[in-house]
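Here the protein sequences line up with chains A and B, keeping their order.
Numbering follows our numbering, with no gaps: position 65 of the first sequence is 65.
Numbering follows our numbering, with no gaps: position 202 of the second sequence is 202.
These are computed hints drawn from the structure, not numbers from a lab.
Glycine included, C-beta positions come from ideal geometry on N, C-alpha and C.
One or more hints might be untrue.
[Claimed, not checked] Distance condition first, Cα-Cα at most 25 Å in a straight line; then the derived SDA-like pairs of lysine to any residue: (1) Lys-179(A) - Ser-156(A); (2) Lys-179(A) - Arg-93(B); (3) Lys-205(A) - Arg-282(A); (4) Lys-205(A) - Lys-131(B); (5) Lys-132(B) - Gln-135(A); (6) Lys-205(A) - Ser-65(B); (7) Lys-206(B) - Thr-8(B); (8) Lys-24(B) - Ser-65(B); (9) Lys-205(A) - Pro-226(B); (10) Lys-131(B) - Ser-272(A); (11) Lys-205(A) - Arg-110(B); (12) Lys-205(A) - Arg-114(B); (13) Lys-220(A) - Gln-135(A); (14) Lys-205(A) - Thr-8(B); (15) Lys-205(A) - Arg-93(B).
[Said to hold, decoys possible] Pulled from the structure, derived: some chain A residues nowhere near chain B, Cβ distances all over 10 Å: (16) Val-12; (17) Val-21; (18) Met-108; (19) Ser-134; (20) Asp-185; (21) Ala-197; (22) Tyr-214; (23) Val-274.
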Amino acid sequence: MFTRARGAVLPVLAVVAAIFVVWYVAAAIMNLPWERDQAQRAEAEFVLADALANTMAQERPVLPAPHQVAVELWETTVQKKITSKRSLVYHGWITLSATLLGFLFGTMLGMALAIGIVYNRAMDMSVMPWVIASQTIPILAIAPMIIVVLNAVGISGLLPKAFISTYLAFFPIVVGMVKGLRSPDALQTDLMRTYNASGSQAFWKLRLPASMPYLFTSMKVAVAASLVGAIVGELPTGAVAGLGARLLAGSYYGQTIQIWSALVAAAILAASLVAIVGLVGRIVERRMGFTR
Amino acid sequence: MTVIAARTLSLTFETNDGPVHALKDVDLTIEPGEFVSFIGPSGCGKTTFLRVIADLERPTGGTISVNGVSPEEARLQRSYGYVFQAAGLYPWRTVGRNVALPLEIIGVGRAERRERVDKALALVDLTGFGKKFPWQLSGGMQQRASIARALAFDADLLLMDEPFGALDEIVRDHLNEQLLELWARTQKTICFVTHSIPEAVYLSTKIVVMSPRPGRVTDVIESTLPRERPLDIRESPEFLDIAHRVREGLRAGHSYD
């Protein structure tokens, strides 16, 4: 496993390097017209070398250079108190708490629906089409409604955002759990029948353990979807805190560096969440004897 | 008491290509302590017959009793252990916990469960492997673990559906020997489905020869071999005689189609 990890380092680094090259070139090309305008307006001579250097350090670039984003990230995480309204850690935590709550709800709702679908024929016929239809509605369209409706009944703050996360997170859980609960083969189920096992015994001792690998695969997808849900939930409300609020504020004031650093922070957060779920899944599966 | 009594037992599967007669007019009686092999080509209904005994299939005609009651009642009373073609151990349970599975379901207490698991593992020569996961065992050991699982709850009837079919000749010989030993020690009634003539003759006190389309019994051979059987009995004239009769029976069944 160690050698495999080492073997993967070089290709990953190569891809990262390629992304940086493309990013820098794109930043130079996209920010250059503004430098030309400035030179024209000042009636100064346009020197390409100087202008190119300037494209890497504009205050409101069309596309900020990677190091600008990195500096902004550093300044808004490490160098700010986490209670500060300018701290990305503070905003990240606001979004993360909604994400985790929504993920928890989504996992529970997804498992409950999956059990219903597997054990109840009527639910099998009726619920699945609705589950699929629910995901065809753009979340951006339904998010404001959820927030407005919940606000009208006095629910605001963390919960509405968590519900939007739930809306996105339960879907992969339902699909994965239904498949997982149905994964035992004829032999494994016949065996339970020869023991005259009750339905609940067959569930706890066969179907549920057999579904665990499917559940963790689904949870990896669901936790990333939860984060997207929480950020989207922050956009239509003009939220004052959270990664979504940072994106919104950045776009109001043309703070492209702020937008990009919030985006990168969200990506890092998503990757970490997926990695943590994956790690927990691996530990559980190893302890259950699924993997060697 | 007769363990299994089948009278004109039939089972027809309705398929899209029309009815398939898996079993037709099967008459058979099995007494306690017998070792009965079912042999025949694929599609002769030998597995189906075993599944009918186990109440995993319902017959469409005739009657059958298991321990004097219907197969369903026998299943509800947990009066048989079933060994499938594949070991079918649950991969998330250790070998010991796989063997304990039927005991957990019946509701045997923890201490007694441990004791009976140890006993069952010892019967199949797997003492000390209880903490291993199935993937850590060879195919033959997994199949032995599945036999231990069927033995764990002490049913007097053991149904075995080609349990050694997927194993190589050497392992198979060894397991056959062990199975005979186990049968002698436990006094169980065993119904054993197989494709192999030597295996059937070596193991059985009674060999049921079956033929396909429709699945039916063509011959029932009472073995004259002694109960004590070393492996080299397979070269004795008596053994070869019985094997010959089985082969004749199989050939006769085939001439129908």
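Distal placement of Asp-185(A) relative to chain B, Cβ over 10 Å: Asp-185(A) not clear of chain B: closest Cβ-Cβ about 8 Å, inside 10 Å.
Satisfaction of hint between Ser-272(A) and Lys-131(B), Cα-Cα up to 25 Å: Since the Cα atoms of Lys-131(B) and Ser-272(A) sit roughly 35 Å apart, the hinted pair is violated (cutoff 25 Å).
Lys-205(A) paired with Pro-226(B) [C-alpha distance capped at 25 Å]: It is violated: about 43 Å lies between the C-alpha atoms, which goes past 25 Å.
Pair hint Lys-205(A) and Lys-131(B), alpha-carbon separation not exceeding 25 Å: At roughly 18 Å apart (the allowed maximum being 25 Å), Lys-131(B) and Lys-205(A) satisfy the hint.
Pairwise hint evaluation, Arg-114(B) against Lys-205(A), where the allowed Cα distance is 25 Å at most: Satisfied, since the Cα-Cα distance of roughly 18 Å is no more than 25 Å.
Hint consistency between Lys-24(B) and Ser-65(B) [alpha-carbon to alpha-carbon, up to 25 Å]: Since the Cα atoms of Lys-24(B) and Ser-65(B) sit roughly 17 Å apart, the hinted pair holds (cutoff 25 Å).
Hinted pair Lys-220(A) and Gln-135(A), Cα distance within 25 Å: holds (17 Å)
No chain B beta carbon within 10 Å of Val-21(A)'s: The claim holds: Val-21(A) sits with its nearest Cβ about 46 Å from chain B, beyond 10 Å.
Check on Tyr-214(A) being off the interface with chain B, judged by Cβ distance over 10 Å: Non-interface label stands for Tyr-214(A): nearest chain B Cβ at 13 Å, farther than 10 Å.
Beyond 10 Å from each Cβ of chain B, as asserted for Val-274(A): It holds; Val-274(A) is separated from chain B by about 24 Å at its closest Cβ, greater than 10 Å.
Non-interface label on Ala-197(A), tested against every C-beta of chain B at 10 Å: violated (5 Å)
Proposed proximity, Gln-135(A) with Lys-132(B) (alpha carbon, max 25 Å): violated (43 Å)
Of the numbered hints listed earlier, those contradicted by the structure are 1, 5, 6, 9, 10, 14, 20, 21.
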